[in-house]
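Engineer: The primary structure of each chain is shown beneath.
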Amino acid sequence: EVQLLESGGGLVQPGGSLRLSCAASGFTFSSYWMHWVRQAPGKGLVWVARIYTDGGSTGYADSVEGRFIISRDNAKSTLYLQMNALRADDTAVYYCARETRGSEDYWGQGTLVTVSS
Amino acid sequence: QSALTQPPSASGSPGQSVTISCTGTSSDIGGYNYVSWYQQHPGKAPKLMISEVSKRPSGVPDRFSGSKSGNTASLTVSGLQAEDEADYYCSSYAGSNSFVFGTGTKVTVL
Chain Y
783 EVQLLESGGG
793 LVQPGGSLRL
803 SCAASGFTFS
813 SYWMHWVRQA
823 PGKGLVWVAR
833 IYTDGGSTGY
843 ADSVEGRFII
853 SRDNAKSTLY
863 LQMNALRADD
873 TAVYYCARET
883 RGSEDYWGQG
893 TLVTVSS
Chain E
55 QSALTQPPSA
65 SGSPGQSVTI
75 SCTGTSSDIG
85 GYNYVSWYQQ
95 HPGKAPKLMI
105 SEVSKRPSGV
115 PDRFSGSKSG
125 NTASLTVSGL
135 QAEDEADYYC
145 SSYAGSNSFV
155 FGTGTKVTVL
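These protein sequence lines map, in sequence, to chains Y and E. Quick note: to get this note's numbering, add 782 to the position in the first sequence (first position is 1). Quick note: to get this note's numbering, add 54 to the position in the second sequence (first position is 1).
Chain E with its partners taken away, still in its complex shape (with noise of 0.2 Å):
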C-alpha cells in the first residue's frame, strides 16, 4: 500500500493548461478502471473532481478532465482560473478491498 507518486506542485497563468500525473503499479491504477482525482482547498474537505479515471461528476466543469494509460493517471485543468488554485490528490482502488492515495500535488494560478 504504497501511495501514489504524484508531483509535489505545478503552475499555470491564467487560461493555461496544466497536467498532473499520478504514477502507480499494476496492482492499483495499471489493475483497475478505478483511478480518482480530488480537490481540497485549505482547511475544507476533498472534493470529488474526476470518477473512474475520466467520468466527471454533475456539477464539475468540463475543463477539469482525466485519463489513464498504462500504470500513470492524468489529471488536466483547461483554461486555469484562480479557484482552482487548490492541492489535487489521485487516488485507485488497489484490490483486496483496499485503496491508496496519491502524495498531492499544490497548484499554483501564476
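Same shape as in the complex, but just chain Y (with noise of 0.2 Å):
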C-alpha cells in the first residue's frame, strides 16, 4: 500500500525557516517524480514544486522561488521542502504526493505550517 506521511509542519514567525518531511513507503520511490502543494485555509490547492527521480531536475512556482528547496533523499525514501524567508500567505497545508504520468496519483494527509509572529 503506498503511503504518504509528511512531518514538520508548525508555527513559525514571518522571515523564519522550517523543513518539511514526506516519509514515503509502499513503493519504489526512486523511481518517481514528487510535488508539494500547498492549500491555505478555506483556499484552492496550489503547486509549489516537482522534483525528478534523481533529485537532478526540479521546478517551481514562481511564488516560492528562490525561497523553497525541493529535495529528496532516495536512501531513505523522503521527500524534504527547505522553506525560507516566510511570509504570512506561505501559511497553509502543506502536500506531498507522487506524480504518474503528469498526475498527483497519491497524496499524503498534509501538515500545517501557519505562519505568524
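What the hints contain is simulated information worked out from the structure, not anything from laboratory work. Don't take each hint at face value.
Restricting the straight-line Cα-Cα distance to at most 25 Å, the calculated cross-link-like pairs of lysine-lysine (BS3-like) are [stated by the list, open to error]: (1) E:Lys98 x E:Lys109; (2) E:Lys160 x E:Lys122; (3) Y:Lys825 x E:Lys98; (4) E:Lys109 x E:Lys122; (5) Y:Lys825 x E:Lys101; (6) E:Lys101 x E:Lys122; (7) E:Lys109 x Y:Lys858; (8) E:Lys101 x E:Lys160; (9) E:Lys160 x E:Lys98.
Chain E side only, calculated, beta carbon under 8 Å to chain Y, not exhaustive [what the hints assert, rightly or not]: (10) Gln55; (11) Glu106; (12) Pro111; (13) Val114; (14) Phe118; (15) Tyr143; (16) Tyr147; (17) Thr157.
By construction, the Cβ of each residue, glycine as well, lies at the ideal position given by its N, Cα and C atoms.
Both chains come to you apart, so use the hints to assemble them.
Structural biologist: Structure, rendered in C-alpha cells:
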C-alpha cells in the first residue's frame, strides 16, 4: 500500500525557516517524480514544487522560487521542502504527492504550516 | 503561472449530470495532454479522478469522464450521487517543469 506521511509543520515567525519531510512507503520511491502542493485555509490547491527521480531536476512556482528548496533522499525514501524567508501568505496545509504521467496519483494527509508573529 | 479558471459552483439533482469547465491557455491545457482532475472532500486530501485528459484510474467510477478542446478541459459527472458532493480541481502541466491548478469548483447535489 502506497503511503506518504508528512511531518515538520508548525508555527513559525515571519522571516523564519522550516523544513518539511515526507516519508514514503509501499512503492519504489526512487522511480517517481514527487511534488509539494499547498492549500491555504479555506482556499484552493496551489502547486509548489516538483523534483525528478534522482533530484537532478526541479521546478518551482513563481511564488516560492528562490525561497523554497525541494530535495529528496532516495536511500531514506524521503522527500523534503526547505522553506526560508517565510511570509504570512505561506500559511497552508502542505501536501506531498507522487506523480505518475503528469498526475499526482497518491497524496499524503498534509502538514499545517502557520506563519505568524 | 496563473491559475486555471473554473466556475465557483455547480449543482445537480441525484441521477443528473454536471459538467465542470477548466479554462487555461496554449501554454498549459492547450499545449499538453497532461490534464488531471481531483476530488476533495472537506478535511481530506485530494483524490485523483481523471489523468491525461480522459483516463480513469483504477477504482474511479465510470460516471466520471474527462475531455479537452483547445484551451479548455471538462469533467462530467453522470448519474450524480450524494457522495459526489465535493470540491473539484483541474490541473495541467504548464511547461518548464511546472504545473498549475484550477481555482476549484464546489459541486452540490441538490
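Engineer: Flag every earlier hint the structure violates by its number, smallest first.
Structural biologist: Checked against the structure, the hints that fail are numbers 7, 13, 14, while the rest are satisfied.
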